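Read off the chains here:
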Amino acid sequence: MAILSAQGINKYFYEPEKYRVLTDLSFEVEKGEFLTIVGKSGCGKSTLLYILSTMDTEYEGTLSINGTRLTGLNQTTLAAFRNEHIGFVFQFHFLLPEFSVLENVMLPGLKLGRYGREELEARALEKLRMLDVHEQAHKPASKLSGGQQQRVAIARALINDPTVIMGDEPTGNLDTTNTRVAFALLQDLAHTHGQTIICVTHDQEFAANSDRTIEMSDGRIVSHGHPLSA
Amino acid sequence: MPSTNFLIARTHLLAKKRQTVIAILGVTFGIAMYVLMASVLTGVNKLVDNLAFQATAHVRLYREADVNRTPVLQEVLRGTDTLVSVRHQRPKPERLYLRNASVIVGDLRRLPGVTGVSAQVSTPVFYNYGAVQFNGTMLGVNVFDEDRLFDLRGQMKEGRMESLLANPNSILVGFGLANKMNVHTGDNVTVATPRGVVQVLRVVGVFQSGIGAVDNSRAYTNIGTVQKLLRQDQTYVTDISLKMRDIYGAHTFGGELARRYDVQAEDWQTANASLVASNKIRDIMTYIVSITLLVVAGFGIYNIMSMTVQDKLKDIAILKATGFSGRDIVRIFLLQAITIGLLGSLVGVALGFALSYGVSRIPFNGGGFFAIDHFPVNFNPVFYAIGVGFGVLTTLLAGYFPSKRASLVDPVAILRG
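Chains A and B, in that order, are what the protein sequence lines are. Per our numbering, residue -14 is the first one in the first sequence, and the count goes up by one each step. Per our numbering, residue 25 is the first one in the second sequence, and the count goes up by one each step.
Next comes chain B alone, as it looks inside the complex (with noise of 0.2 angstroms):
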C-alpha cells in the first residue's frame, strides 16, 4: 500500500495537472536533447576514429631526409681553434629507405603488443590518361600484410585484392582516382615514376576507404613491382606501417622505435592531429551543451517547486498541525520532484531515441572526403542511462532545497493569519 506522503503527493501533482505537464516537459526536453547531442556528436567522432584507422596506421616508420647534419667541415676542423660556419647547407643525396627493413619488421613480428606489420614502398607517380597527367601515390604492398592493417579486403568496391598477386603487372586503384581516370576493372593505366620510367598496369580492381584524400590519390599494387619500377633491389622497403594493442601507448612506442633503429617515427595521433583535436572540441561541446540543458532544466524545476511550495503555505501548516513532521514535508514535496524528474527523463530519452533516430534517416553527403550517405548517430545506451540518472539527479536537487523550506514553516504563523 502507498505511504500516506505518497498519496499527498500524488494529488497535489494531480491537483495541478497543467503545471505539472509543464514541469515534466522542461526535464523532457532537456533530457532529449543531451541524448540528441551525444549521440550525435560521438557518431561523428565514432566515424572519424573508424576513418582514421582505416586509412592510418598506430606507428608509421620510415626516413626523412637529413638536413641537420654535422658539416663535414666542421668533423675536419674538430679541437682545433677554428670557427666553422657553413650556411645553407644541402641534404646529403642519399636514398631514402630504411635499412634493415627486414630485420625490423622480423624484429616488430616477434613482440607480443604488436598486432600487425606492413612492409611498403611508396613513390609518387604520374598515372597518364590520354593527354591528361594525374599526380597521385604508388603504394608497393604485400596485401595480406596490408589487409590485416587496414582491411583492404573490406574496402574492395571492385575486383578481388588478392588479384594482385597473379598478375605482377596489376594495379588497385582508389574509387576517386578510378572515377577521374574513368577506368574499371580490366582496363590499363600507364604509369611514370618521377625519374621518368613508364610502365603500363592492368586495373584489376577499385577501392574506396572512405577518405577523400587517400582515394582521390592512391594506387595498390605489389611490393616487387614498385621496386623494379624504382630500379631498386628487393631491400628497398620506404615505410613499415604497424597496429598495435594498446592504441594509446602508440606515440612512446614510435619514440622508442625511432631510437632504437634510428628512423623517424609517426604515431596516429601526431599524424591525425586535426581530426584528434576536432573529437576533443566535439566532446567538449557535448559535455557544455548537455550540462547546460540540464541546468536550465534543472531550474525550471526549482522553480515550479518554489512556486508549488508557496502556493501550498497553507496546506503545509495544515499538515503540521495535525501531526506531519518537517520530515515528511521534505518528502511529500521530494516525492513529486522525483515524479517530474523520472516521468521527464523517461518521456525524454524516448524522446532523445526518437530524434536521433530521425536523424540517422537524413541524407547527408559527407563529399569527397567521408564516403557516408547519412548522419552517423551513435546509439549508445550509456547516453540514455546518463539522461534518466542526470534527470532525477537534478530534479531531486531543484526539489530538495524548496522542500527544506517548506518543512521549516511554521504553522502558527501562517494559520494565526
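The following block holds chain A by itself, in its conformation from the complex (with noise of 0.2 angstroms):
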C-alpha cells in the first residue's frame, strides 16, 4: 500500500531568475519502507523534501499522504496534519532554546492533544531513552553538546508516533556510534512499527543500509533503487 504518493512534481525558483529545480518527479512509498534519497548538493532532494513535508506548497503537481489529498489545502490545515502525521529532523538540530529537552520533545505532543500531560511526559522520556539523551531531559535545550541536540530532535520528530518521519541529514551531527544507534531506531520503526521513514543523506553507507535509495540528478529521479516488493 502507497503512503505516500507524489505526481508530477514541478518546482520553480524565481530567484535570482526563473529556474527549474525539479521537474517532473512522481513516485510512491509503501507503508514501512525505508527511503533514502541522495544526490550531489543542489540536485533538489531537499527542496523536493520540503514539499513531502507539506511545509513548502509552491509546487506544480500532487501530494497525497496516508490517502489525504494535500496539494491545495490551506496552511492551517496543513499544520494540523503535519503535527499529526509527520515527523521532521532537520539538518541542524533546531530546538527551542529558551525549553527543556523534555519539554522540547513535548509540544508537538501537547499541540496534537492526543494523551494528556503526565502520560505525555512518560511517553517524551521514553523516545529520550532510546536515544540515550534521557539523562539530560530537564536541562535547558541550548547547554546540550551538538549531538545530544541532534538525537532530541530526533525524539521529537517521534513523539506523536507520525505516520511519515522524514529527515534532512538526519544523522549529519552524530558520531559514528551514535548514527548507528538513529539509525537502527529508524529501521525499527519502519519494520516493526509500520512507520514510513524518507531521509535525504550523504552518507554513503546510511543509503546502502536503507529499503531503497532514490537517486537524484539536476532535478530528476535518475534511479527509482529497487522497491521491497521487487
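FYI, nobody ran anything at the bench for these hints, they're computed from the structure. Check each hint, because a few of them may be wrong.
[What the hints assert, rightly or not] Which residues of chain A face chain B? A partial, calculated answer using Cβ under 7 angstroms:
{"#": "1", "residue": "Q60"}
{"#": "2", "residue": "A64"}
{"#": "3", "residue": "R67"}
{"#": "4", "residue": "N68"}
{"#": "5", "residue": "L81"}
Fair warning: this is a prediction, and the values are worked out from it, not measured in the lab. Idealized CB from N, CA, C, for every residue including glycine.
Since each chain sits alone in its own frame, please combine them into the complex, following the hints.
Below you can see the structure in the form of C-alpha cells.
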C-alpha cells in the first residue's frame, strides 16, 4: 500500500531568475518502507523533501499522504496534518533554546493533545531513552552538545508516532556510534511499527543499509532503486 | 490546565526578563501618568465648578439701564417725512428694580424644574473703618432662601446665619472683608450708601464662600434693612436668583424668563464664561496628553514585540514545522502582548493612585481666589478602569501587527538558511 504518493512534481525558483529545480517527479513510498534520497548538492533533494513535508506549498503536481490529498489545502489544515502525521528532523537540530529538553520533545504532543500531560511526559522520556539522552531531559536545550541536541530533535520527531518520519541529513551531526543507534532506531520503527521513513542523506553507508534509495540529479530522478515489493 | 500556546508565551516572557520588564514599565508609566493627569485636572475642574455654583445662581434676573431705547422725538414724529437724528442719548432716570418681583417669585416657586428662588436687594456700599473706607456690595436677603441656593449655613466661619433675623440692624461679613476691617462677631461697622445714607450695623457672623472676589467685598443683611437704607419700599427687589434641576438648560430657561417678564437674565455659563472656558481647555489638555502617553506606550510595545518576533523567527519556523498553525503563532505573541499590557496597566494604575495621593497631600495655597490648602485631586474609579482598558487595548493593537507578521513566516525560507 502506498502511504505517500507524489505525481508530476515541478518546482521553480524565481530568485534571482526563474529556474526549474525539480522536473516531473513521480514516485510512491510504501508503508513501513525506509527510503533514502541521494544526489549531489544542489540536485533538489532537500527541496523535494520540504515539498513532501507540506511546509513548501509552491509547486506543481499533487501530493498525497495516508490517502489525503494535501495539494491545495490551506496552511492551518496542513499545520494540523504535519502535527499528527509527519515528524521532521532537520540537518541542524533546531531546538527551542528557552525550553528544556523534555519540553522541546513534548511541545508537538501538547499541540496534538492526544495524551494527557503526564502520559505525554512519560512517552517523551521513553523516546529520549531510546536515543540515550534521557539524562539530559530537564536541562535547557541550549546546554547540550550538538550531537545530543540532534538526538533530542529525532526524539521530538517521534513524539506523535507520525505516519511518516522525514529527515534532512538527520545523522549529519552524529558520530559513528550514534549514527548507528539512530539508524537502528529508524529501521526498527519502519519494520516493526510500520512507520515510513524518508531521509535525504550524503552518507553512503546510511543509504546502502536502507530499504530503497532514490538517486537524483539536476532535479530529476535518475534511479528509483529497488522497491521492497520487487 | 494552561494551553500549550500559553506555556510557550510564558516561557518567552520569562526567558527575556529584562526586555519584558522594560516593556511592562513602558505601559506602567503611560497609564500612571494618564491617571495622574486625569485625576489632577478633573480635580481642578470639579473644584472650580463647585465654587462657581456656590457663588453663582443658575439664572439671575435683574434690570439694566436701558440706553438703547427709541428717541422720544422719533416716536412723536412717526409717520411724517422727517429724518430724526438724536446723538448721544442719555438713559432715562429710572429706578433699576424688578417690577412685580413678588409675582415673579411666586410664579417661579410653582415651577417644578426650579429648586430654589431667592429675592435679593443688592447695592454698592462703603464700609467705614476708622478713617479708611472699603467699597463693597451689600446684599439684602432672606437667609433661608439664600441658604437653600448657596448653602449659606455651610459657609459660616463665625456666628450663625439665623442671628440676622433676631436683630434688624445686623450683618454677615465676608471673610476677606472682615480681615481687612479687623472685625469679629459682635463688632459694629458703619455702612454708607452712594446716596449718603449712613447706618451702623452689628456683625453677627463671618462667612467664606471660597471665592476671593466675593469674600473680600460682600456682606449679607436682611432684605428689609437694605430697602430702608436705600429709602425704598418693600416691593423693591433688584435681583432674583434661582437654581434649577437641569443646569444645562439654564441658558434657554433664562431667555424664556427674560422675554416673559421683560427683564435681563444671566445664566451661570455666561456669568462664569472664563471658568467654563478654562475647564474646557483642561479637558482638552487631559485628552491630548493622555492619548499621547498611551500612543507612546503603544509604540514602545510595538517596538519590543517587533524585536521579539524578529529574534524568534527561527523558533516560529520550528513551531510551524512541528505543526503549530499561523493562528497559534498569533495567539502566542498576542498572549505575550496582553500579559505585558495587563501587568503594565495594573502596576500603572497603582502607581497612578500613589502619585495622585502624593499630589493631593502637597500643600497648595489657593491665594485669595480659592479657599483650598491642598491640590484638588479627583479620585474617580472611572479613570482607573479606563487606564486598564486602554492599556490592554493599546498593547493588543501594538502586539497584533508584529504577531500577524510572525504568523506569515515561511518556515522553509528560515530553516533552509
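Comparing the hints with the structure gives:
1. Of the supplied interface hints, the one on Q60/A holds, with its beta-carbon coming within about 6 angstroms of a beta-carbon of chain B, less than 7 angstroms.
2. Because the closest C-beta pair between A64/A and chain B is about 4 angstroms apart, less than 7 angstroms, the hint holds.
3. For R67/A, the shortest C-beta to C-beta distance to chain B is roughly 5 angstroms, which falls under 7 angstroms, so the interface hint holds.
4. Checking N68/A against chain B by beta carbon gives a least distance of about 2 angstroms; that is within 7 angstroms, so the hint holds.
5. A hinted interface residue such as L81/A counts as satisfied when its beta carbon comes closer than 7 angstroms to some beta carbon of chain B; here the least separation is about 5 angstroms, so the hint holds.
Violated hints: none; the structure is consistent with every hint.
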